[in-house]
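S.K.: Take a look at the letters that make up each chain.
Number of protein chains: 2
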Amino acid sequence: MNIEKYPSKLLENAVNEFSKLPGIGRKSALRMVLHLLRQEKEGVTAFGQSLIQLRNEIKHCKICHNISDTETCQICSNPARNNSVICVVENIRDVMLIENTQQYNGLYHVLGGIISPMDGIGPNELEINSLVERAENTEVVEIILALPTTMEGDTTNFYIFRKLKQKPVRVTTLARGVAVGDELEYTDEITLGRSLLNRVLYENSVGK
Amino acid sequence: MNIEKYPSKLLENAVNEFSKLPGIGRKSALRMVLHLLRQEKEGVTAFGQSLIQLRNEIKHCKICHNISDTETCQICSNPARNNSVICVVENIRDVMLIENTQQYNGLYHVLGGIISPMDGIGPNELEINSLVERAENTEVVEIILALPTTMEGDTTNFYIFRKLKQKPVRVTTLARGVAVGDELEYTDEITLGRSLLNRVLYENSVGK
Numbered sequence: 001m002n003i004e005k006y007p008s009k010l011l012e013n014a015v016n017e018f019s020k021l022p023g024i025g026r027k028s029a030l031r032m033v034l035h036l037l038r039q040e041k042e043g044v045t046a047f048g049q050s051l052i053q054l055r056n057e058i059k060h061c062k063i064c065h066n067i068s069d070t071e072t073c074q075i076c077s078n079p080a081r082n083n084s085v086i087c088v089v090e091n092i093r094d095v096m097l098i099e100n101t102q103q104y105n106g107l108y109h110v111l112g113g114i115i116s117p118m119d120g121i122g123p124n125e126l127e128i129n130s131l132v133e134r135a136e137n138t139e140v141v142e143i144i145l146a147l148p149t150t151m152e153g154d155t156t157n158f159y160i161f162r163k164l165k166q167k168p169v170r171v172t173t174l175a176r177g178v179a180v181g182d183e184l185e186y187t188d189e190i191t192l193g194r195s196l197l198n199r200v201l202y203e204n205s206v207g208k
Numbered sequence: 001m002n003i004e005k006y007p008s009k010l011l012e013n014a015v016n017e018f019s020k021l022p023g024i025g026r027k028s029a030l031r032m033v034l035h036l037l038r039q040e041k042e043g044v045t046a047f048g049q050s051l052i053q054l055r056n057e058i059k060h061c062k063i064c065h066n067i068s069d070t071e072t073c074q075i076c077s078n079p080a081r082n083n084s085v086i087c088v089v090e091n092i093r094d095v096m097l098i099e100n101t102q103q104y105n106g107l108y109h110v111l112g113g114i115i116s117p118m119d120g121i122g123p124n125e126l127e128i129n130s131l132v133e134r135a136e137n138t139e140v141v142e143i144i145l146a147l148p149t150t151m152e153g154d155t156t157n158f159y160i161f162r163k164l165k166q167k168p169v170r171v172t173t174l175a176r177g178v179a180v181g182d183e184l185e186y187t188d189e190i191t192l193g194r195s196l197l198n199r200v201l202y203e204n205s206v207g208k
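Top to bottom, those sequences are chains A and B. Those letters in the first sequence? Residues 1 to 208, by UniProt numbering. Those letters in the second sequence? Residues 1 to 208, by UniProt numbering.
It is possible that some hints are incorrect.
To be verified - Facing chain B, a subset of chain A residues (Cβ under 8 Å, in silico):
#, residue
1, L21
2, P22
3, G23
4, R26
5, R31
6, V33
7, F47
8, Q53
9, R55
10, N66
11, I67
12, L164
13, K165
Unchecked claim - Derived lysine-lysine pairs resembling DSBU-like cross-links, with alpha carbons at most 30 Å apart:
#, chain 1, residue 1, chain 2, residue 2
14, A, K20, B, K9
15, B, K165, A, K41
16, A, K9, B, K163
17, B, K59, B, K163
18, A, K59, B, K59
19, A, K62, A, K167
20, A, K27, B, K163
21, B, K62, A, K9
22, B, K59, B, K20
23, A, K20, A, K9
24, B, K20, A, K5
25, A, K20, B, K59
None of these hints come from the bench; they were simulated from the model. This structure is a prediction, so every number in the text was calculated from the model and none was measured. Cβ coordinates follow ideal geometry from the N, Cα and C atoms, glycine included.
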């Protein structure tokens with residue numbers, strides 16, 4: 001559909017709003033709106049209200065900046081978590097991804113982005129100073145940088161590393177290597193090279 | 001992500017609502033919600049309100065049952081439209097599709113679905129009686145059935161055709177044939193067969 005003639009302004013507004021979402025074109029937006037028109041009034045009202053509440057009532061944890069319904073998030077306020085390790089991530093979704101691995105029991109620090117001069121995001125737009133403050137706490141032993149392996153991610157890693165250099169903490173990054181279940185054939189050269197350099201001891205083999 | 005631990009109930013609610021939309025899984029829903037969290041409060045509130053308004057304030061045209069912001073829709077109330085032809089469609093989207101062709105100047109009749117016993121939709125759930133009433137109007141000369149070419153569409157066509165049999169109107173359906181720009185190779189046999197049976201005169205050729 002090139003020329004768009006909507007039979008109703010209300011319909012057009014709703015389609016406009018949906019098509020602002022990432023990955024949603026105007027055709028999908030229309031499909032969603034027509035779907036909502038077939039639903040009960042109560043359900044659609046609840047949907048609308050959930051969005052308004054989401055944006056107006058949600059809080060950010062004052063320690064790690066993850067989103068939270070309370071002042072301090074469930075992770076930071078959980079005494080069973082290991083508060084000597086802080087994992088630095090780009091955003092909330094990464095916290096959820098790492099939590100889902102069930103392999104990590106430390107705390108997080110959500111930067112709220114990564115350094116990207118192209119998008120006008122410098123270190124001051126991110127929660128880097130608050131990370132350095134947290135690193136000054138004597139309890140913190142290790143800071144894990146879990147940022148994306150991109151130019152921006154590497155820049156941010158390096159910036160944080162320099163900021164933390166004088167602090168008595170160990171700074172580590174995620175292991176890079178062949179993905180579990182992947183054939184070597186489909187692994188790119190740089191990853192394969194790194195996985196060779198950073199090879200690990202097989203089980204408990206001790207060699208000769 | 002198999003195990004889903006959301007850091008916030010508000011976030012979880014919004015993800016749940018988005019993932020009810022057609023074609024949206026939980027991952028895409030989360031992506032949309034995180035996108036909204038990065039937007040201005042005003043924008044997200046406007047989005048939420050547009051949905052609430054949409055479902056609570058939208059009207060259906062009392063003549064053709066297309067959605068409308070007014071009692072009678074823009075098409076039915078437009079004196080420039082040809083009110084002797086009514087095009088019968090399944091839903092609002094089909095009205096928009098046909099309008100976008102800019103090839104039709106008549107009126108519409110939105111059934112609100114097609115007969116589908118599997119989904120519990122019988123003729124009484126659809127706007128068929130109101131169509132028959134409209135057909136009784138002496139001004140109406142032709143009724144075009146523009147329903148999908150499916151079993152359900154054909155059943156609905158036949159049902160409407162029988163209902164209109166006694167009325168002084170011509171009942172037509174959309175031409176079926178090879179799509180414009182399509183190779184014969186990729187046209188299915190039934191369509192190709194129909195396009196042969198319903199062949200049309202080439203330009204102004206008159207033959208011998």
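S.K.: Evaluate each hint against the coordinates.
M.R.: The hints, checked one at a time:
Given hint, L21/A at the interface with chain B, holds; its Cβ is 5 Å from that chain's nearest Cβ, closer than 8 Å. Given hint, P22/A at the interface with chain B, holds; its Cβ is 5 Å from that chain's nearest Cβ, closer than 8 Å. Annotation: interface hint on G23/A holds; nearest CB of chain B at approximately 7 Å, less than 8 Å. Interface restraint check: R26/A against chain B, minimum CB-CB distance 11 Å, threshold 8 Å, status violated.
With a cut of 8 Å, the hint placing R31/A at the interface with chain B holds, because the nearest CB-to-CB distance is about 6 Å. Here the hint on V33/A is kept, as its CB sits about 7 Å from the closest CB of chain B, short of 8 Å. Among the interface hints, the one on F47/A holds; its C-beta lies about 4 Å from the nearest C-beta in chain B, closer than the 8 Å criterion. Using the Cβ-Cβ criterion of 8 Å, the hint placing Q53/A at the interface with chain B is satisfied: the shortest such distance is roughly 6 Å.
With a least beta-carbon distance of about 4 Å to chain B, the hint placing R55/A at the interface is held under the 8 Å criterion. For the restraint placing N66/A at the interface with chain B, the shortest Cβ-Cβ distance is roughly 5 Å, inside the 8 Å limit, so the hint holds. For I67/A, the interface hint holds, since its Cβ comes within 8 Å of a Cβ in chain B; the closest pair sits about 5 Å apart. Hint on L164/A is violated. Least Cβ distance to chain B is approximately 25 Å, over the 8 Å limit.
Taking 8 Å as the C-beta contact cut-off toward chain B, the hint placing K165/A at the interface is violated, the least distance being around 31 Å. For the suggested pair K20/A and K9/B, the alpha carbons sit about 24 Å apart, so the restraint of at most 30 Å is met. Among the hinted pairs, K165/B with K41/A is inconsistent with the structure: their alpha-carbon atoms are about 38 Å apart, more than 30 Å. Restraint check for K9/A and K163/B: the C-alpha separation of about 35 Å exceeds 30 Å, so the hint is violated.
Taking the CA atoms of K59/B and K163/B, the gap is about 27 Å. The hint holds against a cut of 30 Å. Simply put, K59/A and K59/B have alpha-carbon atoms about 38 Å apart, too far for the 30 Å limit, and the pair is violated. A C-alpha spacing of about 22 Å is found between K62/A and K167/A, which places the hinted pair at or below 30 Å, so the restraint holds. Proximity of K27/A to K163/B is assessed by CA-CA distance (about 34 Å); at most 30 Å being required, the pair is judged violated.
Distance check on the hinted pair: K62/B and K9/A sit about 18 Å apart at the alpha-carbon level, within 30 Å; holds. Note on K59/B and K20/B: the hinted pairing holds, with a Cα-Cα distance of about 24 Å set against a maximum of 30 Å. Between K20/A and K9/A, the direct Cα distance comes to roughly 17 Å. Compliance with the 30 Å bound is thereby established for this hinted pair. Of the pairs offered as hints, the one joining K20/B and K5/A holds, with about 27 Å between alpha carbons and a cut-off of 30 Å not exceeded.
For the given pair, K20/A sits about 25 Å from K59/B by alpha-carbon distance, which is consistent with the 30 Å threshold.
Of the numbered hints stated above, those contradicted by the structure are hints 4, 12, 13, 15, 16, 18 and 20, listed in ascending order.
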